[in-house]
Amino acid sequence: MHSHRKPETVSSLTPLSCLNYSLPLKCPSHAPILQGDSLIVECEYDSTRRKVVTYDDDFGLRQRLHETDTVRDRPRSGRPRCTTQRQDRNLVRNHVINRFLSASASSRQTRGRNNQRISANTVTRRLSTSGLRARRPYIGPILAQRHRH
Numbered sequence: 007m008h009s010h011r012k013p014e015t016v017s018s019l020t021p022l023s024c025l026n027y028s029l030p031l032k033c034p035s036h037a038p039i040l041q042g043d044s045l046i047v048e049c050e051y052d053s054t055r056r057k058v059v060t061y062d063d064d065f066g067l068r069q070r071l072h073e074t075d076t077v078r079d080r081p082r083s084g085r086p087r088c089t090t091q092r093q094d095r096n097l098v099r100n101h102v103i104n105r106f107l108s109a110s111a112s113s114r115q116t117r118g119r120n121n122q123r124i125s126a127n128t129v130t131r132r133l134s135t136s137g138l139r140a141r142r143p144y145i146g147p148i149l150a151q152r153h154r155h
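Using my numbering, you'd call the opening residue of the sequence shown number 7 and step up by one each time.
Quick caveat, the hints were computed from the structure, so don't treat them as lab data.
Bear in mind that the values here come from a model prediction, so they are computed numbers and not experimental data.
Ideal placement from N, C-alpha and C gives every residue a C-beta, glycine not left out.
Possibly wrong hints are sitting among the right ones.
[Said to hold, decoys possible] Quick list of the computed label-pair ranges, beta carbon to beta carbon:
1. S134 x P86: 51 to 61 angstroms
2. R78 x I103: 35 to 45 angstroms
3. A140 x R92: 15 to 25 angstroms
4. S108 x D75: 43 to 53 angstroms
5. Q69 x Y144: 47 to 57 angstroms
6. N100 x N120: 20 to 30 angstroms
Can you make the complete structure from the sequences, with help from the hints?
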């Protein structure tokens, strides 16, 4: 399966602007290597870990490279999100740790991109996306007096 011939680099076939694109592994990439019909990318933090993108399987990547001379994501329509994915994970983690933390308290503690404030509704949406629902502590006796032993 492994050939001993030196693989051809992508830079000899396509412009250098296509070399920096985000991987599903979310790691910065070295120069991708074109070997046969596969694009092999090494991760910067671990040179032994590789992501293979097969041109036949990923028609969208190939089409994007042909149309724009780059494989970077194109700008999307719509308003950009005010929080990053890391902030979303932190919000979820804080609410799992402290089940009775309110969305408004979280919104006061969290700053979005460009140091802007985020609304309590944004926090509620991020939590509901991850499957968390609003909780409220019960005030009052849990059992009636006659049911207690």
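Against the structure, the hints:
1. Checked against the hint of 51 to 61 angstroms, the pair S134 and P86 fails, with Cβ atoms roughly 20 angstroms apart.
2. Look at R78 against I103: about 36 angstroms separates their beta carbons, and that is inside 35 to 45 angstroms.
3. Distance hint for A140 and R92: a CB-CB separation of about 23 angstroms, consistent with the stated range 15 to 25 angstroms.
4. Look at S108 against D75: about 49 angstroms separates their beta carbons, and that is inside 43 to 53 angstroms.
5. For Q69 paired with Y144, a C-beta distance near 56 angstroms keeps the hint of 47 to 57 angstroms intact.
6. At about 21 angstroms, the CB distance of N100 to N120 agrees with the hint of 20 to 30 angstroms.
The structure fails to meet hint 1 from the earlier list, while all remaining hints are met.
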